[in-house]
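**Q** In order, the protein sequence lines correspond to chains A and B. In terms of this note's numbering, the first sequence has 693 at position 703, counting the first letter as 1, and numbering is strictly consecutive. In terms of this note's numbering, the second sequence has 545 at position 555, counting the first letter as 1, and numbering is strictly consecutive.
FYI, nobody ran anything at the bench for these hints, they're computed from the structure. Any given hint could be a false lead.
Same chains, same names: a pair is fine if it fits in one copy or spans any two.
Claimed, not checked - 25 Å max Cα-Cα, derived DMTMM-like pairs, lysine to aspartate or glutamate:
id, residue 1, residue 2
1, Lys247, Asp575
2, Lys351, Glu108
3, Lys647, Glu93
4, Lys446, Asp689
5, Lys351, Glu227
6, Lys126, Asp569
7, Lys247, Asp231
8, Lys247, Asp572
9, Lys351, Asp28
Now for the letters of each chain:
Number of protein chains: 2
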Amino acid sequence: MSLEQVDGADWRSAKKDRMRALFAPRSVALVGVSDNNDMSRCVHANMLRHGFQGRSYLVNPNRDTVHGQRSLKSLSSIAEPIDMVFALVSGSRLLDLMEEAGECGVRSVCVLGGGFGENGLQGEERQRLLNQVAAKHSQVVLGPNTIGYLNVPAGCVFYGSPLRAPIYTDLAVVPGDIGFVIQSGIIAHAALRGMLVRNVGPSLIVATGNEANLEVHDVIDYLVDDEATKVIGLFIETIRDHEGFRRAAQRALEAGKPIVAMKAGRSAVAAKTAISHTGALVGDAHVYSAAFEKLGVISVPSLDDLMVTCAYLSNYGVPSGRRAALVAVSGGFCEIFADRAAEVGIETPEFSRSTIAALTKILPDTGTASNPLDTTGAAQTDPNLFPRSIDIITKDPNFDVLFVQRSVWTSSIPDVSAVIGTYRPWATAIAASPIPVVLVGDLMAQVSDFEADFLKASQLPPEIGGLQHGLAAFAAAAGWAEFRRHNLQRIEAPAALESKHYQPLSGERRGTWAEHCSLDWLAANGIPVVPWRLAKSREAAVAAANELGYPAVVKVSSAQLPHKSAVGGVVLGLADAEDVRDAFDVVVDAARRHDAAIEIDGALVMPMRERALELIVGIVRDPTWGLTLAVGLGGVWTEVLNDSNVTPLPVSGEEVKRLLLGLRGARLFSGGHGVPKVDMEKLAQTIVDVADLAAAAGDSLESLEVNPIRVAGNAIEALDSLVIWRDR
Amino acid sequence: MSLEQVDGADWRSAKKDRMRALFAPRSVALVGVSDNNDMSRCVHANMLRHGFQGRSYLVNPNRDTVHGQRSLKSLSSIAEPIDMVFALVSGSRLLDLMEEAGECGVRSVCVLGGGFGENGLQGEERQRLLNQVAAKHSQVVLGPNTIGYLNVPAGCVFYGSPLRAPIYTDLAVVPGDIGFVIQSGIIAHAALRGMLVRNVGPSLIVATGNEANLEVHDVIDYLVDDEATKVIGLFIETIRDHEGFRRAAQRALEAGKPIVAMKAGRSAVAAKTAISHTGALVGDAHVYSAAFEKLGVISVPSLDDLMVTCAYLSNYGVPSGRRAALVAVSGGFCEIFADRAAEVGIETPEFSRSTIAALTKILPDTGTASNPLDTTGAAQTDPNLFPRSIDIITKDPNFDVLFVQRSVWTSSIPDVSAVIGTYRPWATAIAASPIPVVLVGDLMAQVSDFEADFLKASQLPPEIGGLQHGLAAFAAAAGWAEFRRHNLQRIEAPAALESKHYQPLSGERRGTWAEHCSLDWLAANGIPVVPWRLAKSREAAVAAANELGYPAVVKVSSAQLPHKSAVGGVVLGLADAEDVRDAFDVVVDAARRHDAAIEIDGALVMPMRERALELIVGIVRDPTWGLTLAVGLGGVWTEVLNDSNVTPLPVSGEEVKRLLLGLRGARLFSGGHGVPKVDMEKLAQTIVDVADLAAAAGDSLESLEVNPIRVAGNAIEALDSLVIWRDR
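Could you put the whole structure together from the sequences, leaning on the hints where they help?
**A** Shown next, in the form of structure tokens:
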């Protein structure tokens, strides 16, 4: 069965089988092992140390023994079927090995070696050949240029970097429920360290390397089905298949497994077509964040936040809401908590009356029963003040969560049992709570070995990573829960659009269209457009203006002149027939003066509209996410402020409203400042119609920009448009 | 010598002597000690454990022995002079003790007990009495309601919270060079923990409590003179004396000791007078940050950043610039570094040609010699690749600093000597470097005991707190160095203004002035104002308009009607005499309809100006920082965007330009969009003149707002103004 035979859904399902063989193999051949190779030693040691339960074979044609184990001359000489080949060979020898593996029926290969796609033209060619062989044998390939993976609960650790070896690292690996998909080997190592000090562990960590045919979304897909995985963490440099990613993200959302993603390479501005305004808007406005937000993927700005957020979800699960109370030992801590809660969007409602009454009874005279609760220094001498406060507050229906101030032990202390005794009432109160009780310290501190032992013995939950990172993690988790509640049914595949019928286009789908073609296309598809006539002569222009009314606008029309204003090809505010007649000549001459060879269709005549709110609505093709909508306020707002928001298509009316209301100038939609209140429903629907039209145009469209859309209350009208096709 | 006799500079100098006795006493009396009191036990144990070298006396009238030491009946019964009384008594007994101390010549008192200013009306009265006694005896008082202080290098630790005691904490305290001034006892504890895990230590940590007469700035002043202190960290809830703070900050700047401050209580919006626009602008725009920026105080958003930034400065000192290179083991790390560098403003120039040539020789074929430098996995097998890269890059004149990727040891590893051997070439390369070599890990990790020992043995500098926090700390330190270079001479005391001569005011300095009084005052002080006439009758209005030109504006004039537009008291665009005559009646009637009892001065007549750029310039009284300037773009910019910047007075032309160019709409100053390019020098000078006028008006001024100032190129003119005095 070759790749050609198992395309689409079949290949996806075949991929899953092969990924199971890859990540949880019953039998493995390590090919190209050598005692002289550090990586080889590492992989072999890691395999043994983490308790691989399957059968392993070493292959080296020139040695009988490698790493103290018998080695075989070739893959073919292994008598039993092999689930996974772990390849330590490189270059053309790798291609031979893949052929050999294919002939032996091995469908899962992990390739450590580099020198492929990441390494110039020659490397690219080699990777193309690798892909060919893989397709021929219908193999999945992790890598090339990967450091391997760790499936810790299954005891399958095939990983080329040292773990618990004296020279390089001090890393222990404990199994857990966080799955990581990582596009940089070294970050896999950071994740291991990060989990260790947050009292959580990995289910599966996969470094995807060059992603020959296993991409980020394939591994996400696998993790969605993996019972050991509860939370998915990503370190992303680039997403190669946004549709695949979208599908995987949706499956994760449905399965209730949050994805937490950190994107690197934010400072590198991707090269974009700069013909349309929208191109620049999209480039600046972080399409990745917008896409992640749309797909319910939690975006984090740093590795610290990646680790703290994954650890929060692993330790505490998904919150039911964001209404939080705090019990703390000091006013200073309460203040910082309140600041940070406000920053990240945690609500801190007041205590109910009965809670206030009950707290007042147990607080010292100097204390006040308000949220966040400062129990005053008294908590240092009365070990029951915190547990009793926990008992009282967790019964208050105003709250989804109670935070309790507690810092981790910085290092070991002599008398552990006394400490555990002190915290026993805490553990009892927390165990009896109907809502999560979350421990939070002032600083982001690591779980030391002593702290880990203490947590186990005291049955306390782990601290969440300090007020700065921990509260952000909670808020992100709560936001994910809300998104899931509201959006589970809304993530449509773009295929849903195909059922709509769109008018055929008036022009050929290539190059840049003249304005009248674009306007025609919009109007034919039900989008409100200013009335216009294409006039071929002065007299035709006058007739058009007489029909459409004064004052009038005259613009030269040419597909080769998308920026006609800049060359004097537009004249506004024409009061009468004579003005229009002159203007026709002016705009045509201006275009000719700009470029004598230009092909001119004539001039567009339109009525001049009164000043109102103007928007830019553009759809451009993002290199990663495909067609992407940008909306912004027109004129000075866009030119001076770059005030715009973006999201990949498809888009709903609700989303468009969210984008609009997220603009800095959003208060203008409520009216005032000389413009009437905007009919937001109608505006959003118009923008959705434009976006759907672009989506329906599909792969052939480069960009569709409506700039401006004029909005005066519920009078909404496209005044200009620019359509560019990919086929130039 | 009473407080009255030592006011002003004398009292400041006396304070310093008394603070030396307070923070480095040769003899101490702990009064109110008791075996039943946890805090008392703590203070006594901390004093002994940290090696107090002076003489200590315990005082308890009812016991012969306390904490296993002989105790005395009273302070007066101590035969020798006492430098500092540490008071564990509270309420009225404290006042008696302070009297007794005063009579015994004790001028330095630390008061642990609460129940003073923080505790209702009764507490406030008690604190007033305390202040009276202190003034009478010219005593400095740390607290009341403080947890005490730790002067670690001097062995003077008088601190009421447990250190290295089994039940509550595991804190060791090592001496260092960071001085902390903290307005919340519990945060002193966070600082101790935070320093311990960053391999730095405190010089002096002071919790200032209620600040009876020792405030934040007093302790800063002390730290500036303290030879053990190199860096000053602040945790601020409120600043009570902004002039004192300004002076102390300037001394710290002059002394080359950076101040790093975290402000809590950011979410609590201070109550403000809302009569003027500017009030709201100032409230929203974080005057504290602006004031800190102006004074060269580094602002940090979290306790994590406070600790990491102080630790950076303690470990690495002040950078000479912000041009940075990186040596890393992976591309992923380089990407995150580049992202974060761009975010926090670290420059990453390219390597010089000779550096590229030298690096290319040592890098593997797959590597590229560009900054940030990815040495590829080869660094894991070639232990000299990093040291050789360090040697090469640190000689490149393009850089002020070299970052080198290194993560801290998560926990101990068996063979320390092998590890140290591996890193010896690093230490050698770093020691030979002409620029600082700064180690940075992926995550913010803590220095474990093992790591601390390793650092000592390997002579490597400590890791700085991860890419997220560590690079922000470096950038803040570099920013501080730049500020110091450029601003050392610019911090003027407001007293400098007094030498300017300001015209006397045309009105009485009370209540709200009618517009014409405000305009008069501005004009008399050299600020360009639109021509205007106050007309008492229709005919006078017409005469004025005829003189000033058409189109004209007519506004009703009344001190009781600051918002005349809102009630129809302003008519614009009057074309001729008849229009002006009608308008006079319209605006006067409108004011009367609004409030029949209103006192009307007549109507202001002005020429109507063409549309141009409009600015709001306002000075309001901030409760902490006093008179504070806000500048913003007028109209929709302020109303919709709240686009404004603030800074406390006094202000220089350079600062005003920085505020203006920091506005979101700053691109409008370059011209375009229908307005000419702005003469920034002239505009800044006009704003400085307005600010200086407000400053010269001094304590009696509540707010002075010029809204709008019209700016058309170099034609700058105040069109309206509102002056409000504190005396209503």
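**Q** In ascending order, which of the hints set out earlier in this document are inconsistent with the structure?
**A** Checked against the structure, the hints that fail are numbers 1, 3, 4, 5, 6 and 8, while the rest are satisfied.
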